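Participant: Here is how the chains run, residue by residue.
There are 2 protein chains.
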Amino acid sequence: MLDSYRLDEKKKVSLKDYDPEDTAGFTGKDEIEESFAKLKEELQDIQERLYASKTNGVLVLFQGMDCSGKDGVVKKVLAGLNPQGFRAESFKQPTGDEAARDFLWRAHKVTPAKGYIVSFNRSYYEDVLITRVHGRIDKETAAGRLKHIQHFEKMLADNGTTLVKIFLHISPEFQLKRINERMENPEKRWKFDPSDLQERHYWDEYMKAYEAAFKATGTKTNPWHVVPANNRWFRDYLVLKIIVSALNKLKLEYPQVAIDPLPRKEG
Amino acid sequence: MLDSYRLDEKKKVSLKDYDPEDTAGFTGKDEIEESFAKLKEELQDIQERLYASKTNGVLVLFQGMDCSGKDGVVKKVLAGLNPQGFRAESFKQPTGDEAARDFLWRAHKVTPAKGYIVSFNRSYYEDVLITRVHGRIDKETAAGRLKHIQHFEKMLADNGTTLVKIFLHISPEFQLKRINERMENPEKRWKFDPSDLQERHYWDEYMKAYEAAFKATGTKTNPWHVVPANNRWFRDYLVLKIIVSALNKLKLEYPQVAIDPLPRKEG
Numbered sequence: 061m062l063d064s065y066r067l068d069e070k071k072k073v074s075l076k077d078y079d080p081e082d083t084a085g086f087t088g089k090d091e092i093e094e095s096f097a098k099l100k101e102e103l104q105d106i107q108e109r110l111y112a113s114k115t116n117g118v119l120v121l122f123q124g125m126d127c128s129g130k131d132g133v134v135k136k137v138l139a140g141l142n143p144q145g146f147r148a149e150s151f152k153q154p155t156g157d158e159a160a161r162d163f164l165w166r167a168h169k170v171t172p173a174k175g176y177i178v179s180f181n182r183s184y185y186e187d188v189l190i191t192r193v194h195g196r197i198d199k200e201t202a203a204g205r206l207k208h209i210q211h212f213e214k215m216l217a218d219n220g221t222t223l224v225k226i227f228l229h230i231s232p233e234f235q236l237k238r239i240n241e242r243m244e245n246p247e248k249r250w251k252f253d254p255s256d257l258q259e260r261h262y263w264d265e266y267m268k269a270y271e272a273a274f275k276a277t278g279t280k281t282n283p284w285h286v287v288p289a290n291n292r293w294f295r296d297y298l299v300l301k302i303i304v305s306a307l308n309k310l311k312l313e314y315p316q317v318a319i320d321p322l323p324r325k326e327g
Numbered sequence: 061m062l063d064s065y066r067l068d069e070k071k072k073v074s075l076k077d078y079d080p081e082d083t084a085g086f087t088g089k090d091e092i093e094e095s096f097a098k099l100k101e102e103l104q105d106i107q108e109r110l111y112a113s114k115t116n117g118v119l120v121l122f123q124g125m126d127c128s129g130k131d132g133v134v135k136k137v138l139a140g141l142n143p144q145g146f147r148a149e150s151f152k153q154p155t156g157d158e159a160a161r162d163f164l165w166r167a168h169k170v171t172p173a174k175g176y177i178v179s180f181n182r183s184y185y186e187d188v189l190i191t192r193v194h195g196r197i198d199k200e201t202a203a204g205r206l207k208h209i210q211h212f213e214k215m216l217a218d219n220g221t222t223l224v225k226i227f228l229h230i231s232p233e234f235q236l237k238r239i240n241e242r243m244e245n246p247e248k249r250w251k252f253d254p255s256d257l258q259e260r261h262y263w264d265e266y267m268k269a270y271e272a273a274f275k276a277t278g279t280k281t282n283p284w285h286v287v288p289a290n291n292r293w294f295r296d297y298l299v300l301k302i303i304v305s306a307l308n309k310l311k312l313e314y315p316q317v318a319i320d321p322l323p324r325k326e327g
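Read top to bottom, the protein sequences are chains B and P.
Residue 61 is where the first sequence starts when you use our numbering, and the numbers rise one by one after that.
Residue 61 is where the second sequence starts when you use our numbering, and the numbers rise one by one after that.
Don't read these hints as lab results, they were simulated from the structure.
Every value quoted in this text rests on a predicted model; they were computed, and no experiment measured them.
Certain hints may be false.
Any copy will do: because identical chains look the same in the list, a pair fits if it lies in one copy or spans two.
Claimed, not checked - Think about it this way: if two alpha-carbon atoms lie no more than 25 Å apart in a straight line, the pair counts; the simulated SDA-like pairs of lysine to any residue are:
{"no.": "1", "residue 1": "Lys214", "residue 2": "Val170"}
{"no.": "2", "residue 1": "Lys89", "residue 2": "Met267"}
{"no.": "3", "residue 1": "Lys309", "residue 2": "Asp68"}
{"no.": "4", "residue 1": "Lys275", "residue 2": "Asp218"}
{"no.": "5", "residue 1": "Lys207", "residue 2": "Ala217"}
{"no.": "6", "residue 1": "Lys251", "residue 2": "Gln316"}
{"no.": "7", "residue 1": "Lys71", "residue 2": "Ser113"}
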């Protein structure tokens with residue numbers, strides 16, 4: 061089931077081929093609830109083995125349009141992890157120290173140590189998305205940055221970091237509905253940013269920029285995953301399934317204890 | 061003159077072709093003293109323009125065998141820079157947080173912001189030198205890391221960092237003389253490390269590892285420089301000349317002030 065959502069061959073991708081309403085045949089939340097709970101337990105167990113073995117770091121990277129649910133998915137899927145081995149990072153417009161360095165600097169600083177899980181809400185991919193869409197960098201610079209990203213991610217992988225890259229795929233109609241909700245609901249209004257409405261005009265350009273990113277950086281080792289995200293319950297379920305599946309490939313084991321914990325006295 | 065010390069074409073290099081005693085025809089310190097003082101003034105002036113314009117960062121990276129003068133050259137050549145725009149970093153055996161990340165992590169963290177100069181006393185190159193010489197990584201891993209280094213340095217360059225990579229080239233005989241000085245001189249004895257004597261047995265292997273590094277990462281944009289370092293005065297002079305020449309290529313200018321500093325009242 062996961063194969064159809066994975067982009068791992070550096071070939072041309074058209075997001076039009078992916079339906080944001082897709083639920084892989086499931087018709088409602090009830091159908092996956094039990095499986096979701098089991099997967100969460102499995103993830104917690106994996107985290108313990110990861111922390112104990114300290115053989116790998118895990119970086120779960122979320123990208124998506126405004127209102128695609130990046131905050132929500134971190135809350136629903138990754139809450140419950142042991143916070144001593146997990147940290148959620150998010151990236152806004154770079155300022156000061158960050159803007160004075162190369163575009164990978166601030167992200168590299170907060171990559172996971174071995175034994176740890178870190179989530180990225182947005183990432184260095186913004187430096188080939190919003191910047192490209194608004195013409196702040198030209199086509200050649202964007203292509204150069206995508207190469208740098210691919211190299212950087214390979215370097216991370218070669219040094220023991222497992223990357224799980226997830227694109228939360230929504231439709232423009234779904235986004236508009238969510239923006240309206242934000243404006244109407246006093247408890248959600250703080251999340252409304254007038255620029256969200258502005259960015260909607262660039263939808264097609266964003267999709268093109270994402271497609272270019274998937275083509276350049278979706279590799280066997282560091283694939284992208286397109287997650288249909290118009291239905292939150294399916295979005296959360298699929299994201300969790302993708303993460304658990306990626307981490308199971310590591311075959312994490314508790315380290316062997318080489319010493320005898322209760323040495324007996326001689327004689 | 062500088063061309064003959066520059067490795068910028070990713071081709072096979074043999075360090076045997078470089079004489080550590082070479083002084084480019086100069087016969088003594090007196091001959092370059094005046095020129096050295098002028099170059100130091102020029103470097104200070106460049107630093108001011110660099111700091112004011114904030115268009116580039118500058119990373120001066122020193123590698124070399126024990127006793128090749130890495131500490132000395134930082135003191136002789138870079139002391140005198142405005143410390144508000146300059147920082148000297150050095151790298152020992154990675155521990156804790158550093159060892160738990162990829163081999164470029166701790167270096168990337170301390171790369172220069174735009175407007176700043178940073179020197180590296182040793183660097184991520186140790187991860188393809190000492191580790192390779194002692195067989196802690198195999199040939200393939202070393203080759204992979206050299207590729208990662210080349211990509212990383214290109215990424216830095218593409219994002220406005222000028223790298224000046226300098227190898228301080230000494231002979232094994234010169235090193236032995238220095239080690240003996242260290243042991244005999246109470247003021248220098250603290251610098252003596254018994255493992256220095258151990259490492260001497262691997263001299264040829266180190267030279268091979270360096271040659272592989274120069275071949276893989278000596279590019280037009282990020283060349284290596286082999287500095288004959290048996291004569292300290294020539295070593296310092298050549299290093300200073302290389303740095304000034306590299307920074308002059310940036311054509312740094314003070315930024316234009318667009319506002320009228322003393323606006324007159326109307327009427």
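Participant: If any of the earlier hints don't hold here, list their numbers in rising order.
Facilitator: Result: hints 2, 6 and 7 break, sorted rising.
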